[in-house]
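Start from the sequences, fold in the hints, and give me the full structure.
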Amino acid sequence: MEKLSGADMLIRALQDEGVEYLFGYPGGAVLHIYDALFNQEKIKHILVRHEQGATHMADGYARATGRTGVVLVTSGPGATNAITGIATAYMDSIPMVVISGQVQSHLIGTDSFQETDMIGVSRPVVKHSFLVKEARDIPETIKKAFFIASSGRPGPVVVDIPKDKTNPNDLFEYKYPKSVSLRSYNPSQKGHTGQIQKAVDLLLKAEKPMIYSGGGVILGEASNALTALTRKLGFPITNTLMGLGGFPGTDQQFLGMLGMHGTYEANNAMHHCDVLLAVGARFDDRITNTPSMFCPNAKIIHIDVDPASISKTIRADIPIVGDVAVILKEMTDLVNNKKSKKPDKTLISKWWDQIALWREQDCLKIKRTAEDDQIIKPQDGVKAVYEATRGEAFVTSDVGQHQMFAALYYPFDEPRKWINSGGLGTMGFGLPSAMGAQIAFPESTVVCITGEGSIQMNIQELSTCSQYELPIKIINLNNQSLGMVKQWQDMQYEGRHSHSYMDSLPDFVGLAESYGHKGFKIQSRSDLEPVLNEVFSIKDKLVFVDIMVDPKEHVYPMLVAPNGSMRDMWLEKGVRT
Amino acid sequence: MRRIVSVLLENESGALSRLIGLFAQRGYNIETLTVAPTEDHTLSRLTLTTVAGDDEIEQITKQVNKLVEVVKLVDLSEGDHVERELMLIKVKAKNDQREEIKRVADIFRGQIVDVVHDAYTIQLTGTSEKIDAFVKALPQDSVAEVVRSGVLGLSRGEKALSI
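Those sequence lines, one after another, are chains A and B.
The letter at position 268 of the first sequence is residue 268 when you use my numbering, and the numbering goes up by one with no holes.
The letter at position 153 of the second sequence is residue 153 when you use my numbering, and the numbering goes up by one with no holes.
Since the hints were made in silico from the structure, they are not lab data.
Treat the hints loosely; a few may be bogus.
[What the hints assert, rightly or not] In silico lysine to any residue, SDA-like type, Cα no more than 25 Å apart, as pairs:
#, chain 1, residue 1, chain 2, residue 2
1, A, 205, A, 349
2, B, 102, B, 143
3, B, 66, A, 325
4, A, 312, B, 29
5, A, 312, B, 2
And the structure:
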């Protein structure tokens with residue numbers, strides 16, 4: 001049998017796992033590993049400028065493709081810099097394997113140079129982690145890491161490897177296991193048949209049904225199954241921020257996003273429904289508003305692969321644990337079954353009439369006075385990007401007002417096209433995650449919708465973009481302030497804008513050009529369409545588009561809190577339901 | 001309500017800190033905790049008591065079950081079970097108090113495991129309530145030092161927590 005060092009075994013194991021890209025940054029504890037990487041061509045290494053960028057790139061790659069993203073960082077600061085990205089992936093259940101170097105085994109615990117307890121530091125934000133104790137365990141550990149990261153409810157897995165375990169002079173027999181089984185880890189797959197039948201019976205009797213689906217539909221590759229069932233039933237549907245694209249965003253049955261900045265019709269339909277089908281969603285606090293006032297008249301069916309997500313904040317009447325795609329398919333089969341009762345469209349026609357009335361509110365209409373005809377509203381920017389890309393781009397975002405505007409004004413017809421940090425809300429996520437998506441799909445249009453606050457949190461990656469010629473289009477909705485913070489200060493702190501302004505901004509066009517990219521600045525609404533058309537005709541270059549938008553704009557609708565239900569919303573400044 | 005959660009987990013370094021960390025991270029309390037390897041040395045048995053309502057204990061058991069190193073888990077307080085705690089207690093016992101303390105220990109079926117001229121060390125097993133009652137029954141200010149094992153438990157009948 002072939003004999004390899006720990007470092008070579010690691011790289012071979014990653015190759016055998018089918019890893020295409022490794023996002024990383026070298027350092028003392030991973031020098032042996034980088035040397036092993038030097039002598040091969042199968043895995044392409046992307047040299048980032050900061051380890052946080054590496055984790056978000058791997059994350060964006062994973063979200064765009066469904067495959068596990070892989071990161072390689074050194075010990076100490078390399079590892080701690082990766083933590084924000086690991087936590088981001090953890091909150092959104094993204095499959096990721098992070099390999100961190102560790103100081104030599106005999107130095108562990110002595111406060112040695114660049115030592116940090118990575119297993120301890122990362123513990124609350126990983127699905128699982130491994131400290132490699134014996135070099136011969138490396139292949140099996142890697143196999144386990146990928147298995148755990150990508151199965152059940154996915155998540156990040158850390159593999160911490162002390163430097164001496166990768167010593168090129170210590171050789172071991174290499175064999176990559178075909179499969180692994182863990183007696184203590186067995187993610188459930190198939191839903192309970194009796195529960196599924198009960199759920200279908202309840203749905204077919206509903207007069208005011210509502211479907212609410214989340215990121216689990218995207219992660220579980222269940223959007224086709226969800227779309228088929230929803231169309232068959234003829235029910236209204238809403239998606240969470242993480243679930244956008246799980247059902248076609250331009251479909252008549254789609255009521256838009258729900259939650260804190262959800263649409264008037266989606267939030268009202270949630271509040272008034274009599275049967276709620278929740279699929280791969282976790283009743284997050286940004287959805288439910290006050291839990292005790294949530295869906296007061298509804299029987300709740302909750303499908304999720306993670307039993308701990310069920311009845312965590314809102315009690316489910318019919319819980320179904322298992323793979324969402326399999327369960328939705330089974331439900332559709334039951335509905336199609338000749339013997340069962342057919343969906344009765346007349347039963348829900350009054351409900352659709354009510355929804356039509358809510359839709360007349362036209363809650364996403366951009367409000368504009370005659371004087372500000374040429375002022376660009378951030379919503380105008382997003383809509384213009386939608387037009388210029390015909391709604392077909394991968395869109396990543398950072399965190400804040402621009403994220404909500406992107407989610408509300410760029411409807412997604414397909415899963416995996418919308419990439420954002422929903423759970424952790426990580427500023428600085430947009431650019432590196434766009435890079436991961438662009439690396440996975442070099443021919444596709446990838447847009448990063450960001451703001452001048454967020455983009456500066458990982459702006460160093462513009463350099464990485466030059467190195468790997470990533471033609472991302474960065475849309476900077478520049479309102480010269482931390483818009484979402486400012487909005488809350490306007491609404492809850494009597495307009496005291498404590499440190500929510502962005503002073504000393506760089507000339508973004510000049511900055512982009514200094515890295516070898518192209519830059520455009522847009523200041524007038526009439527320039528939006530022509531300039532963006534030009535921007536998206538540039539296929540071989542990164543373009544930074546700095547759009548000066550109305551700094552006073554707020555995101556609406558917005559749920560009234562505290563002590564509000566989902567039907568209690570602010571609809572515009574000073575106007576509420 | 002007080003719950004006794006008994007867990008079989010992989011006997012690996014880091015497994016315990018993951019479980020304890022989970023409790024801290026999610027704001028669950030731990031009243032007592034005891035852990036040791038089982039007859040199968042690849043497994044540890046951990047028993048903890050916590051105070052939680054029905055919804056909370058459901059979340060706790062689900063979250064603990066999610067940990068990759070947790071093999072099996074049971075909430076013993078859900079059904080009939082036997083529970084015991086062990087206490088070693090050092091009691092100041094001088095002159096006329098020596099007889100009284102020995103008598104109380106006998107009543108509670110405690111065993112005196114070490115004797116010096118002015119102190120006894122007493123071993124006592126039983127439910128936590130019995131142990132509390134014993135400490136209360138001792139003469140005031142006589143207790144010098146107490147160490148308790150935390151609660152151990154098994155379900156009654158044939159049913160066993162094993163793999």
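Hint check:
no.	hint	result
1	205/A with 349/A	holds, 13 Å
2	102/B with 143/B	holds, 13 Å
3	66/B with 325/A	holds, 21 Å
4	312/A with 29/B	holds, 17 Å
5	312/A with 2/B	holds, 20 Å
In terms of the numbered hints stated before, the structure departs from none.
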